[in-house]
Structures are given as structure tokens and as C-alpha cells.
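Undergrad: Listed below are the residues making up each chain.
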Amino acid sequence: MSPWFYINALLIVGSAVAAMSLRNLVHCALSLAVTFAGLALAYLQLQAQFVGFAQVLVYVGAVAILIVFAILLTRGSETSPECILSPGWLWGVGIAALTFVVSGGAILSSKLLPAIQGEVPSATVRQIGDQLMTKYVLPLEVVGLLLTASLIGAVIIAMRQKEEGQ
Amino acid sequence: MTPLAAYLFLAALLFAVGLGGALARRNAIIVLIGIELMLNAANLNFIAFWRYGPNPEPLTGILFVLFSIGIAAAEAAVGLAIIMAVYRHYRTSNVDRITSLKG
Chain A
127 MSPWFYINAL LIVGSAVAAM SLRNLVHCAL SLAVTFAGLA LAYLQLQAQF VGFAQVLVYV
187 GAVAILIVFA ILLTRGSETS PECILSPGWL WGVGIAALTF VVSGGAILSS KLLPAIQGEV
247 PSATVRQIGD QLMTKYVLPL EVVGLLLTAS LIGAVIIAMR QKEEGQ
Chain B
217 MTPLAAYLFL AALLFAVGLG GALARRNAII VLIGIELMLN AANLNFIAFW RYGPNPEPLT
277 GILFVLFSIG IAAAEAAVGL AIIMAVYRHY RTSNVDRITS LKG
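So the sequences go chain by chain: A and B. First residue of the first sequence: 127, per the working numbering; consecutive thereafter. First residue of the second sequence: 217, per the working numbering; consecutive thereafter.
Calculated directly from the structure, the hints in this document are not laboratory data. Any given hint could turn out to be false.
[As the list claims (entries may be wrong)] Computed spacing ranges between beta-carbons, pair by pair:
| no. | chain 1 | residue 1 | chain 2 | residue 2 | range |
| --- | --- | --- | --- | --- | --- |
| 1 | B | SER316 | A | ALA232 | 37 to 43 Å |
| 2 | A | LEU211 | B | ILE287 | 46 to 52 Å |
| 3 | B | THR315 | A | LEU238 | 42 to 48 Å |
| 4 | B | ARG304 | A | GLN175 | 23 to 29 Å |
| 5 | B | VAL311 | A | GLN173 | 27 to 33 Å |
| 6 | A | MET127 | B | ARG307 | 25 to 31 Å |
Quick caveat: nothing in here was measured; it's all calculated off a predicted structure. Beta carbons: idealized from backbone N, C-alpha and C, even for Gly.
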């Protein structure tokens with residue numbers, strides 16, 4: 127493994143832990159953006175350029191901004207004096223640690239993981255577009271429909287109170 | 217450790233961090249952020265298997281992740297809209313105070 131992998135892994139995990147543990151919600155959202163950018167870097171290291179740029183556009187560009195807007199609209203940026211952890215937080219952390227131990231142990235002890243392949247599977251943007259328009263055209267349309275429906279639904283859910291008030 | 221195992225290990229760690237945050241924090245937005253982290257860990261697994269696993273069809277892994285990113289974007293939009301609607305109704309985004317349905 128190259129040292130860049132370890133640097134990037136440290137960046138991803140460190141910023142993810144910060145996003146989950148900081149007190150100020152705006153700081154959490156900014157740490158989350160760093161995590162998403164680190165994941166895009168990991169995709170680039172894995173030779174999946176298209177997914178890396180899609181990650182930057184969708185997650186760093188859209189989802190992080192959406193979360194910042196939601197934090198500001200729910201006044202989450204004002205830090206409250208009360209505890210940030212829910213009463214049963216020890217259970218939650220314990221379950222998460224148990225999940226990590228089980229899955230990490232399974233990865234380390236697995237004999238089924240395939241050996242390293244020499245050649246990189248080729249995936250140019252032309253090939254991806256070709257496949258999206260021929261073999262995967264039905265899933266693409268379904269995802270388009272789902273995105274349209276969910277965005278209209280999101281607007282309606284967020285607006286309902288206003289209509290009732292008028 | 218092979219590169220594939222290293223990436224899977226990183227994804228497992230990211231998943232555990234997201235799960236811990238989603239279960240332990242009080243604020244609904246942080247819970248949603250934890251769910252996003254778990255989805256991203258799954259995407260990293262897909263790409264790692266695409267890169268290092270056997271590939272009968274070279275584009276399946278990439279397209280799976282692209283569709284997964286689309287679904288996650290829809291989930292984030294609807295989830296944040298629900299959080300805003302709940303905030304308007306209860307004047308809080310603390311999931312421990314939203315107890316109307318609690319038995």
C-alpha cells in the first residue's frame with residue numbers, strides 16, 4: 127500500500143469522527159464535506175475517475191450545502207448548553223464498536239477475498255455513457271423518476287405548514 | 217494486508233463511525249449525517265471490489281455506485297425536508313424530545 131492511502135484514510139476517518147463528535151453543527155457539516163472530498167480522492171486512487179468527480183459534484187457540492195441550509199433553517203448553529211449525546215449513547219457506541227469488530231475480523235480472516243488483479247478494469251466516460259444509454263437505460267429512467275418525485279415531495283413536505291397558516 | 221482488504225477495512229471503520237454517531241447523537245441532522253457516512257462506506261466497498269475483484273463486466277461496479285449516489289441524494293433531500301417539517305411542528309430538532317408516538 128502506498129503511503130498516500132494511509133494519509134487519505136487518516137483524513138477520511140479523522141474528519142468523519144469530527145463530524146460525528148463536534149458540538150457546533152456547522153463545524154460538523156464542514157467536517158462532513160472534508161470526509162466526502164477524501165472519499166472522492168480514494169475513488170481517484172482506485173482509478174474510478176468518473177465516480178470521483180460525481181462524488182465531488184453530488185456530495186461536496188449538493189448534499190453538504192443542503193445540510194448546511196438545514197442546520198441554519200433549524201437554528202442548529204446556536205450551540206445549546208445541554209448534552210449533545212442521547213441518554214442511551216453508551217449502547218449506541220457499543221453497538222457501533224461491535225459492528226466494527228465483527229466486520230473487521232471477518233475481513234482480516236477471510237479466505238474468499240480475490241487475489242490482487244494486475245490490470246485496471248477500463249471505464250472511460252464514453253463507455254459509461256454508452257452503457258447508460260443502451261443496457262442500463264431503464265434503471266437510469268427509474269432513478270430520474272425517483273429523483274423528480276423525491277424532490278417534489280421534499281418541497282411539498284417542507285412547505286405544508288405555510289399553506290395551512292394562510 | 218492486500219489493498220482490497222485495506223479498503224474494505226477503511227469502509228468498515230467509516231461505517232462504524234457513522235453508525236455510532238447516528239445512534240448516540242441527539243440532533244436529527246447529525247443522525248442524517250451518520251446515515252450519509254454509512255452509505256458512503258457502502259459505495260467505497262463497491263468501488264474497491266470493482267477495482268480488485270474479478271470483472272466479468274468491467275462497468276457494473278461503476279454504474280452501481282452511480283445509481284447508489286443518485287438514491288442517496290434523493291434520501292438526503294427527503295430526510296432534510298422531514299427534519300424541517302418536524303422542526304416547525306415541535307420547535308426542536310432533538311430526537312429525544314419528539315415523543316408523541318412514544319408508548
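Undergrad: Each hint: holds or not?
TA: To see whether the hints hold, each was checked on the structure:
1. SER316(B) <-> ALA232(A): 37 to 43 Å: For ALA232(A) against SER316(B), whose Cβ atoms are near 40 Å apart, the range 37 to 43 Å holds.
2. LEU211(A) <-> ILE287(B): 46 to 52 Å: violated, 30 Å
3. THR315(B) <-> LEU238(A): 42 to 48 Å: This hint holds: roughly 45 Å between Cβ atoms.
4. ARG304(B) <-> GLN175(A): 23 to 29 Å: At roughly 42 Å between Cβ atoms, GLN175(A) and ARG304(B) fall outside 23 to 29 Å, so the hint is violated.
5. VAL311(B) <-> GLN173(A): 27 to 33 Å: violated, 40 Å
6. MET127(A) <-> ARG307(B): 25 to 31 Å: At roughly 50 Å between Cβ atoms, ARG307(B) and MET127(A) fall outside 25 to 31 Å, so the hint is violated.
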